Amino acid sequence: MSAAGWEPHEALIRELTAELRPVRRLWSPPWRTAVWAAVLVVAAGGLACVSDLHAIWLRLTGASDMWLAVVGSVVTALTAGLAAFELSLPDRSRAWALLPLPGLALWLGASGMGCLRTTLIPAARMPTMGEESHCLMFIVGVSVPLSLLLLAMLWRARPLRPGPVAAMGGLAAAAAAASLLSFIHPYDVAASDLVFHTVAVGIVILIVRALGGRALGAPTSSGSGRMRRRG
Amino acid sequence: MSQCGVAVDWGAAPGQAGAGGACCASTELAKGGFGLAMTATSAGTAGEDSDRRRGALMAAAQAGDRGAYEALLRDCLPLIRSAARGQGVAADRLEDVVQDVLLTLHRVRHTFDPSRSFNAWLRAISQRRAIDVQRRQSRQRLREVHDPGAYEDHPDPAASPDHGLDRVTQAQRMREALAALPPGQRQAVEMLALQDQSLAEAAAATGRSKVALKVNLHRAVKALRARLAPGDES
Numbered sequence: 009m010s011a012a013g014w015e016p017h018e019a020l021i022r023e024l025t026a027e028l029r030p031v032r033r034l035w036s037p038p039w040r041t042a043v044w045a046a047v048l049v050v051a052a053g054g055l056a057c058v059s060d061l062h063a064i065w066l067r068l069t070g071a072s073d074m075w076l077a078v079v080g081s082v083v084t085a086l087t088a089g090l091a092a093f094e095l096s097l098p099d100r101s102r103a104w105a106l107l108p109l110p111g112l113a114l115w116l117g118a119s120g121m122g123c124l125r126t127t128l129i130p131a132a133r134m135p136t137m138g139e140e141s142h143c144l145m146f147i148v149g150v151s152v153p154l155s156l157l158l159l160a161m162l163w164r165a166r167p168l169r170p171g172p173v174a175a176m177g178g179l180a181a182a183a184a185a186a187s188l189l190s191f192i193h194p195y196d197v198a199a200s201d202l203v204f205h206t207v208a209v210g211i212v213i214l215i216v217r218a219l220g221g222r223a224l225g226a227p228t229s230s231g232s233g234r235m236r237r238r239g
Numbered sequence: 008m009s010q011c012g013v014a015v016d017w018g019a020a021p022g023q024a025g026a027g028g029a030c031c032a033s034t035e036l037a038k039g040g041f042g043l044a045m046t047a048t049s050a051g052t053a054g055e056d057s058d059r060r061r062g063a064l065m066a067a068a069q070a071g072d073r074g075a076y077e078a079l080l081r082d083c084l085p086l087i088r089s090a091a092r093g094q095g096v097a098a099d100r101l102e103d104v105v106q107d108v109l110l111t112l113h114r115v116r117h118t119f120d121p122s123r124s125f126n127a128w129l130r131a132i133s134q135r136r137a138i139d140v141q142r143r144q145s146r147q148r149l150r151e152v153h154d155p156g157a158y159e160d161h162p163d164p165a166a167s168p169d170h171g172l173d174r175v176t177q178a179q180r181m182r183e184a185l186a187a188l189p190p191g192q193r194q195a196v197e198m199l200a201l202q203d204q205s206l207a208e209a210a211a212a213t214g215r216s217k218v219a220l221k222v223n224l225h226r227a228v229k230a231l232r233a234r235l236a237p238g239d240e241s
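Protein chains in written order, with the numbering used here: chain A, 9 to 239; chain B, 8 to 241.
Just so you know, the hints here were simulated from the structure itself, not pulled from any lab data. All figures in this text were calculated on a predicted structure; none of them were measured in a lab. Please note that a few of the clues may not be correct.
[As the list claims (entries may be wrong)] For the chain B half of the interface with chain A, some residues (derived, Cβ under 8 Å), not all of them: (1) 70; (2) 127; (3) 131.
Just so you know, even glycine gets a beta-carbon here, dropped at the ideal spot from N, CA and C.
Next up, chain A with everything else stripped away, as it sits in the complex:
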């Protein structure tokens, strides 16, 4: 390595070296996903305390699409969380963004089957517009603290591609909120229900992508204007 090769950045290297402090390594993505899962378990436990678990059990086991949809949303919440943590690191493949797709397909597919079933059953109970908007508000409302928590966990990684990372975090939070909705969702999924849920998830992803992406996007050279001039 020629000496001339690094001369233009000598001052910057000296300055960065002088600023060096020991750092705590980031936990691996599986460990951070485990923390995320633990938070969801705590939230589910809290909701279980105020829900009629017997009625939920009967409803979910009444038709396979019911519990498959819940499994799909839970898997989506966990895999999207893992994908967000992986994508937040510089050297991880973008293919991690595909990880939540199977869970998402299961979630939407099972919900779609539920819609079909309720359409075919005569005199099936259809949710009112008030109940639909309640679901939407629940998903968006519960997604807010979950998204903030995920963004706080992701922020420490200072992701180089903040937009996709934030979007993946938004999907994880929205899927988690939809999973928690099962505790207070007293009817089968209807077509309008599926549309409202999808819209709610879409709203959460867009908001987190827009706001979270900006928050996670560390500037290229924060606080180093003087260093840049020297370089």
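Got chain A; can you put chain B on it based on the hints?
Chain B alone, transformed into the frame defined by chain A:
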């Protein structure tokens, strides 16, 4: 000559992990890596050695070893340039990318996992920053128009007979405004803005903390701005 960077026991002598020792070790290791590439040993082995060596230096830097960090940053420069060139960055923008990558590396150094490849980690950062620089350049091209005649057609404001007088008056006003600042603020402006010293250098010279210097500079600029605002001829 040692060929295995990982064999350097960075953690065993924290007190001796100064710039000198680590730099020498790094230089020797860098030479070792280069030598390997020139021998019959496969290029892949040399690459793995340099990867392990850099990984070990980064692990030591994460623990706060400044010597290892300085050696690592210097050792990384060819790799960063190579990655940037691979992304199609023009030669005149190459050093911009290097600078951005060094700053990014510093900020995200806690995300490096020593069990993984350091070169792959650095290459990913370099490629990302190269893309950012290219995008910035494209945006600049869209906003700016190439007009070689514009400079010659532009009227020279200094040609005005009043211009010299104005400059003298402005300089005088600036001197007065600086003189009117409290000593701490004046010192901050002189050292950080006029003499272009770093915060660390100014802090060492004055015995003040970096935060105090920043606050003083901020207040001084605010005061100067208020005093030199157009219409305020006092």
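> Is the hint on residue 70/B kept, meaning its closest Cβ partner in chain A is under 8 Å away?
Replying inline: holds (5 Å)
> Taking 8 Å as the limit, does the beta-carbon of residue 127/B come near enough to a beta-carbon in chain A?
Replying inline: holds (5 Å)
> Taking 8 Å as the limit, does the beta-carbon of residue 131/B come near enough to a beta-carbon in chain A?
Replying inline: At about 4 Å, which falls below the 8 Å cut-off, the nearest Cβ of chain A leaves the hint on residue 131/B intact, so it holds.
Comparing the model with each numbered hint stated earlier shows that all of them hold.
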